[in-house]
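For the record, the sequence lines run as chains A and B.
Residue numbers for the first sequence follow this note's numbering, so the first one is 15 and each next one is one higher.
Residue numbers for the second sequence follow this note's numbering, so the first one is 16 and each next one is one higher.
One thing to keep in mind: the hints can contain errors.
Heads up, simulated PhoX-like pairs for lysine-lysine below, C-alpha to C-alpha not over 20 angstroms straight-line [claimed, not checked]:
(1) A:K163 to B:K532
(2) B:K300 to B:K583
(3) B:K583 to A:K194
(4) A:K163 to B:K422
(5) B:K429 to B:K411
(6) B:K300 to A:K194
(7) B:K140 to B:K505
(8) B:K207 to B:K379
Don't read these hints as lab results, they were simulated from the structure.
As the structure is a prediction and not an experimental result, all values here were calculated from the model.
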Amino acid sequence: MDRRESLKSLLVGSVAGGLVLNGCAPAEQPPQETDSAAQSTGYGRTPEEKERDEKLRSQQYFNHEELTTLAVLCDIILPAEADFGSATDAGVPEFIEFMAKDMPNHQLPLRGGIMWLNNQTNERFNLDFSKCSDDQQLAVIDEIAYPGKTPEHLKHGEKFFSLMRNLTLTGYYTSEIGIKDLGYVGNQPNVWDGIPQEVLDEHNLSYDPEWIARCVDQEKRNDIAEWDEEGNLLT
Amino acid sequence: MQIIESPETFDVIVVGSGAGGGMTSKILAESGLNVAVVEAGPMFDPKNDEHRTQLRWPWESPRRGASNVRAFGDFDSAYGGWEIDGEPYTRKDNTEFDWFRSRMLGGRTNHWGRISLRFGPKDFKRKDIDGLGDNWPIGYEDVAPYYDKVDKLIGVFGTKENFDNEPNGYFLPPPKPRLHELYFIQGAKKAKIPAIPSRLSILTKRINNERGVCFYCRQCSRACMAYADFSAGTCLILPTQRSGHSLKVFTNAMVREVLTNDQGRATGVSYINREDRKEYSIKGKIVVLAASACSSARILLNSKSSLFSNGLGNGSGMIGRYVHDSTGASRSAIVPAMFNRKTYNEDGVGGMHVYTPWWLDNKKLDFPRGYHLEVWGGMGMPSYGFGFNASDLNEKFGGTVGGYGSKLREDVKKYYGSVMGISGRGESVPQYDNYCEIDPEVVDEYGIPVLRFHYKWTDYERQQAKHMHETFEQIFEGMGAEPLGDKPGKDKDYGLLAPGRIIHEVGTTRMGDDASKSVVNKFQQLHEVNNVFVTDGGPFVSQADKNPTWTILALAWRTSEYIIDELKKQNI
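Working from the sequences, and respecting the hints, build out all of it.
Structure follows, in structure tokens:
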């Protein structure tokens, strides 16, 4: 599926029938939560925190067109690869929608940034950004994606795109797909017994034998500690 | 408003359930006394799945763990922070102080760094060494037996180094260093700075059959469902209750004041129940305040009566004076040798496996008092903010800044796990003019007058922070790391953090032999009211460059034994 197709399926399919409807008639249509993250409230919240999350989830900030544009940008920033999905596959647009409500200081730069972008493409191609062809979209993005090289009159766009890049990367790498992509393999019960030998070799480092001799013997970790009177461990 | 009186009279009422309150209530309840613990926040047990944040993934939080709701992020186990809705505090004369509070069973022990350092012999007698501040009325030899008992009861890993001011203890074996910590050891060695295994209250080895052993998730700040690290709820209060002793916990109970009778003796406490917003009172024969240094000072200052017009036990005017926090400064750096790391699970324990105790002689330096170094870094679990400005480092290390597409994936992986940092945590010199007092105009949502802080660092602390930054750069150089950001100059107080940011505030009810210059005696008993004690950080005369928890625990145990003894002698 190409970028355009996957976005289409995202917006009419899995992400949110609710968002589509809601974008058309925000006043009458209560938002429908369909993304899986929104259903997981069990992460050790106090009643006040739970209430705050629920309140934010019941609100909708971006309209359908804005969300479409955000999704296009997310997937320009992180398209799908052979092994790992795109930013939208990782649920980044929904994450940005939540963050805009959770950190309202993001609202204006994002909404205004989308309008700025539409203004650019309307001037150049007489189309909103999300309706432009890939080439047309990239023609604008290429001018604002490289801080330090942006023409002076497009600095507002650079600022917006940098924010989008930050939110996209952070949303992606804190998702299940992104963590696999990164190779983070912790957050699970295990036994730390030092740096793997091949890594030590690669870095030309070695453990000081005297230091290591005093470290925990993981074979004996379940033996209850006992000491002599001088504080020497006996077990 | 009608005050609702509890019918039961307790032998002891302990206000607060953190390190001091937890230890006091355990020792007193185990001695057969009927103990009430009054806690301002709710019940908390990390074994309870409703409370658990440990082993959760970032995507389980819709804000991916960002720190806009909880000060240290969504998964940190502190219900509170430097700012709490409805519970303000104020600052006087444009001075700075940030006050961290945690409202829950166990208080701040649920999320703390578990750095468990004994004070050394010099730390109790600093005035003898540099002429500044005051000596404690007790010495290391008075506290050492209690440090020993705390080590064995709670468990702390570390190594016997036989240093003169970093006492040995009953240590569990430490974990092996991580990769960035090996680089740190190498850098410190080149800079002729010691580096030794850290000392944290985390169970690398079993100490009893009730608590589990560390399973290396690096998440002690989330509180441990296996009870493999120290927090006052999991290791002191809950086990004491389970073993059938008389220990009753009142939760969501915000203490307003200590109640006294016409003879000037404490008779109990009054509190506001946060759930129904009604005021209650509990009767007790002894009151122990362990609400945190500043909260206990606030309660005493708000406990005014005809006999104690200045606040309970405050004839000296010393309550709130000498509040002091540790100093803190940090710098991060990047280790090019660690670019494009092979990934593996290096979570380890919740905190550093290696640290540097104070190693220099202040006589040869332009500031008094020392600091220790904490090292951090590694391939941690991403949360909100991960990946921000990911390619900015390319400006220095080659490659395109900014851009889009899969090159960003390469940028992120190139730098992942190569950033580390060092923090200095040092001893400040307590000042009479640094204080908290009752704000004459402001109350909190429970109608209780709030604290107003007045706090200024001196050049002692600024010079120390300057020295910390010089040390950081020496070590970075030795380990082949490139410092990030700028070294803060004089205009920024050399990067010295605002007082209160290190969350080691102590000294508000300091101990002493002279009742005109101190609040409690050497057993942490009010000079003026012999059935009121303070077992949090308030009685500290000086803070050392050590984290205060281990000393709070040892002193609380010592005070508890004193209370038991005095009761036997019918002195209280």
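*Within 20 angstroms, alpha carbon to alpha carbon, are K140 of chain B and K505 of chain B?*
violated, 31 angstroms
Problem set entry | Pairwise hint evaluation, K194 of chain A against K300 of chain B, where the allowed Cα distance is 20 angstroms at most | Not satisfied, since the Cα-Cα distance of roughly 59 angstroms exceeds 20 angstroms.
Pair hint outcome, K583 of chain B versus K194 of chain A [Cα-Cα no greater than 20 angstroms]: violated, 63 angstroms
Discussion item. Does K411 of chain B sit within 20 angstroms of K429 of chain B, going by the straight-line distance between their CA atoms?
Written reply: holds, 13 angstroms
Note to self: Holds or violated: K163 of chain A and K422 of chain B, Cα atoms, limit 20 angstroms.
What the structure shows: holds, 18 angstroms
Is it true that the CA of K300 of chain B sits at most 20 angstroms from the CA of K583 of chain B?
holds, 14 angstroms
Worksheet item: Hey, K207 of chain B versus K379 of chain B, does the alpha-carbon distance stay inside 20 angstroms?
Response: Measuring from Cα to Cα gives roughly 16 angstroms; hence the hint holds.
Regarding the pair K163 of chain A and K532 of chain B, is the alpha-carbon distance no greater than 20 angstroms? Judged against 20 angstroms, a Cα distance of about 65 angstroms means the pair is violated.
Going down the numbered hints, you'll see the structure goes against 1, 3, 6 and 7, while the others check out.
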